[in-house]
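K.L.:
Below are the chains, spelled out letter by letter.
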Amino acid sequence: MAAPALVRTENLNVELGGLPILKGIDFELRAGEVHAITGENGAGKSTLAKVIAGIYQPASGSIFLDGAAVTIKSPGDAIAKGIALIHQEPLIFPDLDVASNIFVGRMPRKATMVDHAEARRRADIILKQLGVSFDARSDVGRLSIAEQQMVELATAMSEDAIVWIFDETTASLTPKEVAELFLIIQELKAKGCAIAIVTHHLDEVFEIADTVTVLRDGTKVAERAIHDLTQPELVSLMVGREIEQQHIKSAHASPGAVMLSVENLVGPGYQGVSIEVREREIVGLAGLVGAGRTELARSLFGITHPSSGVVKVDGNAIHVKNPQHAQALGFAMVPEDRQQHGLFPNLDIGYNASATILRANSTVGWLNQGKLRQAALSILESFRTVYRNLAQPVSQLSGGNQQKTVIGRCLLQNPKLLILDEPTRGVDVGARREVHQFLRKQADDGKAILMISSDLPELLTVTDRIYVMHQGRIVGQMPTGEATEEKIMALAFGGKA
Amino acid sequence: MKRPEWIPAILSIAVFALFWYLSKDFRDIPYLISNTTILAETGLMAIGMTLIIIAGNIDLSVGSILVLTACLMPKLAGHASAPVAILIAVLLGAVMGGINGIIITKAKLPSFLVTLATMAIYRGIAKAMLQADSAEVAPNVKGLDRLSLLGMPYPLVIFLVFALVIGLVLHRKVLGRWLFGIGTNSEAARYAGFPVDRATITAFAVSGALIGIAAFCMDSRLGVARPDMAPGIELQAITIVVAGGTAISGGKGTMVGTLLSWLLMYFVTTGMGVMNIKAEYQLTIIGLILIVSVFGQQVATSIASHRLPKPTKLSTKP
Amino acid sequence: MKWRELGLLAVVIVLCVACTMKDRNFIDPHNIDSILLWMPLLLTAAIGQFPVIVIRGIDISIGSIIGLSAIAVGVLLKSHPDLGVPMLFAIGATIGLILGILNGALITYAKIPAVVTTIGTLTLFRGLTYMVCGGDQIDASLVPDRLTVLAHSGITVREVTVSWLLIFALLLGIITALLARFSQFFGNVFAYGSNPSAAYLRGISPNKVQMACYALSGLTGGIAGVMFLSRFGNASPASAGSGFELLVIASVAIGGVKITGGSGSTLGVVLGCALLAVINVALVVLKVPADYQTLVYGLTILIALLIDALSRGVKKQGAAA
Numbered sequence: 001m002a003a004p005a006l007v008r009t010e011n012l013n014v015e016l017g018g019l020p021i022l023k024g025i026d027f028e029l030r031a032g033e034v035h036a037i038t039g040e041n042g043a044g045k046s047t048l049a050k051v052i053a054g055i056y057q058p059a060s061g062s063i064f065l066d067g068a069a070v071t072i073k074s075p076g077d078a079i080a081k082g083i084a085l086i087h088q089e090p091l092i093f094p095d096l097d098v099a100s101n102i103f104v105g106r107m108p109r110k111a112t113m114v115d116h117a118e119a120r121r122r123a124d125i126i127l128k129q130l131g132v133s134f135d136a137r138s139d140v141g142r143l144s145i146a147e148q149q150m151v152e153l154a155t156a157m158s159e160d161a162i163v164w165i166f167d168e169t170t171a172s173l174t175p176k177e178v179a180e181l182f183l184i185i186q187e188l189k190a191k192g193c194a195i196a197i198v199t200h201h202l203d204e205v206f207e208i209a210d211t212v213t214v215l216r217d218g219t220k221v222a223e224r225a226i227h228d229l230t231q232p233e234l235v236s237l238m239v240g241r242e243i244e245q246q247h248i249k250s251a252h253a254s255p256g257a258v259m260l261s262v263e264n265l266v267g268p269g270y271q272g273v274s275i276e277v278r279e280r281e282i283v284g285l286a287g288l289v290g291a292g293r294t295e296l297a298r299s300l301f302g303i304t305h306p307s308s309g310v311v312k313v314d315g316n317a318i319h320v321k322n323p324q325h326a327q328a329l330g331f332a333m334v335p336e337d338r339q340q341h342g343l344f345p346n347l348d349i350g351y352n353a354s355a356t357i358l359r360a361n362s363t364v365g366w367l368n369q370g371k372l373r374q375a376a377l378s379i380l381e382s383f384r385t386v387y388r389n390l391a392q393p394v395s396q397l398s399g400g401n402q403q404k405t406v407i408g409r410c411l412l413q414n415p416k417l418l419i420l421d422e423p424t425r426g427v428d429v430g431a432r433r434e435v436h437q438f439l440r441k442q443a444d445d446g447k448a449i450l451m452i453s454s455d456l457p458e459l460l461t462v463t464d465r466i467y468v469m470h471q472g473r474i475v476g477q478m479p480t481g482e483a484t485e486e487k488i489m490a491l492a493f494g495g496k497a
Numbered sequence: 001m002k003r004p005e006w007i008p009a010i011l012s013i014a015v016f017a018l019f020w021y022l023s024k025d026f027r028d029i030p031y032l033i034s035n036t037t038i039l040a041e042t043g044l045m046a047i048g049m050t051l052i053i054i055a056g057n058i059d060l061s062v063g064s065i066l067v068l069t070a071c072l073m074p075k076l077a078g079h080a081s082a083p084v085a086i087l088i089a090v091l092l093g094a095v096m097g098g099i100n101g102i103i104i105t106k107a108k109l110p111s112f113l114v115t116l117a118t119m120a121i122y123r124g125i126a127k128a129m130l131q132a133d134s135a136e137v138a139p140n141v142k143g144l145d146r147l148s149l150l151g152m153p154y155p156l157v158i159f160l161v162f163a164l165v166i167g168l169v170l171h172r173k174v175l176g177r178w179l180f181g182i183g184t185n186s187e188a189a190r191y192a193g194f195p196v197d198r199a200t201i202t203a204f205a206v207s208g209a210l211i212g213i214a215a216f217c218m219d220s221r222l223g224v225a226r227p228d229m230a231p232g233i234e235l236q237a238i239t240i241v242v243a244g245g246t247a248i249s250g251g252k253g254t255m256v257g258t259l260l261s262w263l264l265m266y267f268v269t270t271g272m273g274v275m276n277i278k279a280e281y282q283l284t285i286i287g288l289i290l291i292v293s294v295f296g297q298q299v300a301t302s303i304a305s306h307r308l309p310k311p312t313k314l315s316t317k318p
Numbered sequence: 001m002k003w004r005e006l007g008l009l010a011v012v013i014v015l016c017v018a019c020t021m022k023d024r025n026f027i028d029p030h031n032i033d034s035i036l037l038w039m040p041l042l043l044t045a046a047i048g049q050f051p052v053i054v055i056r057g058i059d060i061s062i063g064s065i066i067g068l069s070a071i072a073v074g075v076l077l078k079s080h081p082d083l084g085v086p087m088l089f090a091i092g093a094t095i096g097l098i099l100g101i102l103n104g105a106l107i108t109y110a111k112i113p114a115v116v117t118t119i120g121t122l123t124l125f126r127g128l129t130y131m132v133c134g135g136d137q138i139d140a141s142l143v144p145d146r147l148t149v150l151a152h153s154g155i156t157v158r159e160v161t162v163s164w165l166l167i168f169a170l171l172l173g174i175i176t177a178l179l180a181r182f183s184q185f186f187g188n189v190f191a192y193g194s195n196p197s198a199a200y201l202r203g204i205s206p207n208k209v210q211m212a213c214y215a216l217s218g219l220t221g222g223i224a225g226v227m228f229l230s231r232f233g234n235a236s237p238a239s240a241g242s243g244f245e246l247l248v249i250a251s252v253a254i255g256g257v258k259i260t261g262g263s264g265s266t267l268g269v270v271l272g273c274a275l276l277a278v279i280n281v282a283l284v285v286l287k288v289p290a291d292y293q294t295l296v297y298g299l300t301i302l303i304a305l306l307i308d309a310l311s312r313g314v315k316k317q318g319a320a321a
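Residue numbers (the working numbering), protein chains in the order written: chain A, 1 to 497; chain B, 1 to 318; chain C, 1 to 321.
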């Protein structure tokens, strides 16, 4: 570890939307090193990556490249300085071919004219090194996510990047694809590149990294060599204390009648799915990103439509036409992507908290504003949401409080079935516990809850029963009492329990 | 910028004072009141446009809906009574607006392109139908602009009543709430169970119905309808809405803002009229007001959020 | 050639055949002449609109740019009747370029949406047109023969004349096609249109791309303005180029430039213009009154949009399967 730092940050502070995200970060990335940046959701991992890649500008502090202080003005500037950021979702141009994607903005030229033949030749050389099955002429819009990820790697290789930052790159890859990616990372390391991996997958940290930096709430809490560290130690560094894994028990001896039953459902992204959710029961849906869980939830809520199979509510077969219909059936849904699908960012908190109960609180279409206000206040209160006043734009709240607003809005509907997709993503530990206890109370009051989560401790803490999905199918089911993280992960990766 | 309405309010007073000082003809209050009949028609269009822009869309075809309705109404109504004629005009307008909304929502096409096409289509139908002719309005529906109620000409009363009614719909009814949500984040609106398509189509249809009333007022005022009437009126309607503080990106705006902005536009156009500024320059000045007011909003927003870094969205989906 | 271009070509041919069946005289040199006369202006302006639509923008002010360029050059001819033809085109192009840069600056730096900006400058430029000429027409006496002759003479093959203007416009088309394939700039335009945020993260400056596209649209509009003088021999501040934006946008949309951005071909744009020109002449030959023109242009745009939406739907289904 005596190699000099290729990238160094000193007392780096970053603010987003007026909130401090990174506080006084000193970070060093050395040549020939794989450095994991890890921490809980919202700890500031990705932000650190994006500052180094020129996407965000620091509020104060300095960045040194090869020992010299630099300002990384823009993503283009970062590329010019040899810094490559590989994004979680591949950055591609679906209308262009692979060669044009790789050399976008800097196509090889011959006498000022773009030389397509040369671009394809060079692209094919790089693609061959990566060992992929498509060539430079392929249409990028038709490639799989993993293949598109490879196009991004090829782009960085063509830029002769010396600093590589992988931002949750493995999130949408299969285990085999992850293994291939790690081989490439080893090669880069051997060539003397400096590599940072932003991840919250601990197995990955121990598999590939030499050094790990742990962030918590925007500050750096530790930097350790990986061989000095055990997994439980790393976890406690991330959370700051031992995770409380006490199962939150149901107040009832057994769940009630079957509220939702799905039989052999086939639709976009999932096949042959059969599940049941009972009243007074919290059912977990585990699996990797891309296993079809979100797709299933979207179909249940009427956003997409299954092509075959049966959905029964209280024993009656129904076809959910659209979200309004789903709501009329007593469904409520907390979507996975809060920013894209959950929030009305510029509108006030009162609006956001009461958006789903407008019709219920109106007379021939005229809003009962007093009642709406009361409802919003009471649900925000019962969730202990922190805010100034109802007229404040919801975008000013922290992630956790935004999520409480969205969950609260769904509960105000008084649903029979609550579908939650990653309900505590980006929510801090304390708030998470509150959300969990609140959900259990809702279940005890008779609601049926279906909860998608990639956070296994969360599933083990809150649910009564867990289904596991893999590549669009349900591959296993178990009572939470019999479940362990290992069992679930083995199923999620396509193995046997 | 919590209340952007004060800008048109202050500007109205300033423009009023300016022309009061500049022109003797402007210092005639009865004239000022009676002259509102023409811009009241544009005002009716601006009311509907407020709904459409708040819901994150735009309708460039409003002028063409006005003209086609104005040309069709006399043909269809013949010598029927005024209420029948009004009903026909309202239905025609609502259908045309509704068609815009249906194409935009069902084919998932940008509203500015769809309504650019229907702008040509609706006016094209009027031209093809009448060619060099004009449509004669039945005598019994003529002269609405010369009747008055409480000292105000009827078209002004109609405009104010609808501004109040639609303003209440926008700010006090479920539909209005939906439109704000749809204009802010249409995907979140879908997940929240808003009937996004239906609400959007309704906004377009309501706007069309109001244009129908405007068309009736215009027919009644002019006595004849020609396919080349009201050039550039869509620009005027959009300008009124945007200068009233409604964000062109959707999700933000008030009916009070539109009303105050209408007053500003009224003083500006009347002032230009009494100062004998040519029609072609009047339109130019309106175009300038449009650009300046959107620019002003952008500046105000960027000042308000001046310390925030640019939110760079990382989406691979175009 | 892709399916879209082949399809367009087929429609053009079918339309010609249908018109000939209706009226034997459709394919006579005179009609072909008038089809060809029709194209240069449209094609020139459409070439500029093409990259604008690729980056998901729009330039509605194009008709007013054409008008202002035509009138300004006409006014200049009043005081300098001896200006050479290349000089006239250079002046027109410069005027257009300046107007285009103004559009670009408002859209890029003032961040005003393109629709709002260009609908505003549509009236602004029209107002400027009146100011430049004081409301007077540019009479035929002011427009020199050396300019008008370009529209009416050229290379004649068997009574059909391909005018110098058309040759010039086609030349511009060929240059654009070459640039679209071989210039870094157009590469950036397509990348930006395909995925704007990814383009930014790959170091392409969104400001430069947008500025350049609107400037280019203005530039070609300015050239088309001089062509207007050449083609019609006179110009009035009220009508010169007025409503032309519809034709230009229609021809680009029908030419298969994807309205959701990122793709399109110059050949498609040329064929789109040809289709509109044929339709226009067909209307005359079939004795459809001129009053139907606006309707036809509007329907053309709408049909192009619906084809776009339909093909998107088909693609989505294909991807899901």
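These are computed hints drawn from the structure, not numbers from a lab.
Keep in mind that this is a model prediction, so the values were computed, not measured.
C-beta atoms are modelled at their ideal positions from N, C-alpha and C, and glycine is treated no differently.
Watch out, some of these pointers could steer you wrong.
[Claimed, not checked] Chain A side only, calculated, beta carbon under 8 Å to chain C, not exhaustive:
no.	residue
1	I55
2	P75
3	L91
4	I92
5	P94
6	L96
7	S100
8	V104
9	V114
10	V310
11	V311
12	D314
13	M489
14	F493
[As the list claims (entries may be wrong)] Label-pair restraints from in silico Cβ distances:
no.	chain 1	residue 1	chain 2	residue 2	range
15	C	V284	B	K278	33 to 43 Å
16	A	G24	B	K106	25 to 35 Å
17	B	G143	A	H305	24 to 34 Å
18	B	L149	C	V14	55 to 65 Å
19	C	V157	B	E187	49 to 59 Å
20	B	E187	A	S378	20 to 30 Å
21	C	L9	B	E187	18 to 28 Å
22	B	E187	C	G84	39 to 49 Å
23	B	K106	A	G67	56 to 66 Å
24	C	L15	B	I10	33 to 43 Å
25	B	K106	A	L19	55 to 65 Å
26	A	S378	B	G143	30 to 40 Å
27	C	V14	A	Q471	41 to 51 Å
28	B	L91	A	K371	33 to 43 Å
K.L.:
Run through the hints listed earlier and report the numbers of any the structure violates, in increasing order.
P.N.:
Result: hints 10, 11, 12, 13, 14, 16, 17, 21, 22, 24, 25 and 26 break, sorted rising.
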